[in-house]
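Next come the chains, spelled out residue by residue.
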Amino acid sequence: MPFVTNEETGADGRNHGSPAQGPGRMARMLDSDLFHSFLKSKVTVIAATGTVILFLLAFLAPWIAPHDPFDLASISILDARVPPLWMEYADPRFLLGTDDQGRDLLSGIFYGMRISLIVGFCSVIAAALIGITLGLVAGYMGGRVDAIIMRIADVQLTFPSILIALLIDGIAHGIFGNLDREVFAFYILIVALALSFWVQYARTVRGSTMVEKNKEYVQAARVIGLPSVIIMARHILPNVMGPVMVIATINLALAIVTEATLSFLGVGMPPTQPSLGTLIAVGNDFLYSGEWWIAIFPGVALALLVLNVNLLGDWLRDALNPKLR
Amino acid sequence: MIGFATRRIVQAMIVMLVVALLAFTMFRFVGDPINQMVGIETSIEEREALRERLGLNDPVPLQFFRFVTKAVQFDFGTSYQFRQPVAELFAKRIPATLELSFASALFALVVGIPMGIYAGLNRESPVSKLFLSVSLVGISLPTFFIGILLIFLFSVTLQWLPSFGRGETVQIGSWWTTGFLTVSGLKALILPSITLGLYQMTLIMRLIRAEMLEVIRTDYIKFARARGLPDRLVNFRHALKNSLVPVITITGLQLGSIIAFATITETVFQWPGMGLMFLQAVQNVDIPIMSAYLLLTAFLFVTINFIVDILYFFIDPRLRVGRP
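Chains as they are written, first to last, in this note's numbering: chain A, 1 to 325; chain B, 1001 to 1324.
Note that these hints are calculated values from the structure, not bench results.
Worth double-checking, as some hints may not be accurate.
[Stated by the list, open to error] Heads up, simulated DSS-like pairs for lysine-lysine below, C-alpha to C-alpha not over 30 Å straight-line:
id : chain 1 : residue 1 : chain 2 : residue 2
1  : B       : 1222      : B       : 1129
2  : B       : 1070      : B       : 1092
3  : B       : 1129      : B       : 1241
4  : B       : 1222      : B       : 1241
5  : A       : 40        : B       : 1129
6  : A       : 42        : B       : 1129
With the hints as constraints, model all of the structure from the sequences given.
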């Protein structure tokens, strides 16, 4: 009888937990090797908790920060450079003290972390998009296309990414001029970071693509006459994404550090939209006059953020590496 | 060997040509060079005359050829900010950067190698675990923040060491200035070189530790122990020697990134090297300095990579046989 399927899958076409399907997605995840190795490593659990807390603080900044550092009406220059709560001359309104313009440092750190993370995520996604596309094309097409893309990658790999980001930043400012610096700073940063990090993705994806393209399912797809673009995007891509996720996690920490460095050097985010690096750069000027908290607290926040993300990335790399099991 | 070296040299030259093309594109097409050189009052005719005289109306390939010919003779044009030849500006600042890089590499090796050996031989000891945790923190702290922390601790709070500049320098020869010969010069060198070398130190430490752990498990070490050789001989003569091979590669490659990361350290400590000048050029869109710096660092990187490749060839006999 051809019409039995309805009873098995339910009226809406979904499978309502038939015994053959096994436990649900959540339960399966909780029982996976990955999750067990996660629980086994105490450091990783702490790092994951820390990362979640910092991410929440950053993304909920507008709702949980005690002050709004961008609300000019609530800022008074008379509150400038108030020390943190446990020191003399502190103000109970400001837990970690204030910066040179009288903005609450704790709120500034929450908002700064938010900008750092947004730039970090956007640049990682952009770098991954560029790298995956070029890697897929190079690996699948082979020949001259492959040679050209990989030679560019080789040349770029000789230089540290910070230098490339600095150069791209300098060129962009040369093209746009200083007037538009504040408007474009965010986009220039993302382009600079993405162009300095794409190589790693491209090399990894190219390697796995070259392995995948000789497998039977790709040959089958080719035989039924699918265009190359569809084969690359729908058939090969899902099978090469594993290592990309690991690189992306490790790269996030690197992107945050590089962004902070560029902002510290004065070519990243402007003081009107401060990231953690900008806050540290501002505070650096007051280090010598004894107002250490303006630079040190954002720096500690940055270090915590990077350390936690790094630890998570290390664990993910080891957990997904079958050689180390 | 000779074939290998020639192939490497050809590759290096191709890389340099690509970089030169990039530097030229920047130099020629980012902003108008004429606008940077003349004042507002200069008339259009005068501008055109200058354009003609500088050869900016010639075909682009010819201009590129001229650019490369000049660059090979260290002629990188005139800085937009300083109105001085770029080559002279660099010559004045190269000693500062090279001395800083040398001191940091020395620090990274002298501290990193013993720590790595200890952590590799005593895997479970609490000191090794402490080394590892410290190195993790060292990798997570951005370079510039390490510099700020050191300045805060040793310059502002304890007032032991200077926080900026090179101290007193001594002139050697016609253009080299050194800070190695005066007390204040050496004191000024301490904080910047620790800042710059810390990352490399942790890297070398982790590398040596990992290599030692691998090598100690191999059969020839077990046999050496079975022969009754003293521990010290086994550890240092047999194990360490073989775990140093990758260290040479990494150290060589890291030497290049030390020079690049000097930009950040030089900014934090106001160290008068070429990194600081490059950064000021980026901020002021001084394209001639930027493209000269690009070419110069590319040259340093390519040279270092080449030397490392050749060294590797001498150190690891396995590479000599079976290489096409």
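Results of checking the hints against the structure:
no.	hint	verdict
1	B/1222 x B/1129	25 Å, holds
2	B/1070 x B/1092	20 Å, holds
3	B/1129 x B/1241	24 Å, holds
4	B/1222 x B/1241	16 Å, holds
5	A/40 x B/1129	19 Å, holds
6	A/42 x B/1129	15 Å, holds
The structure meets every hint from the earlier list without exception.
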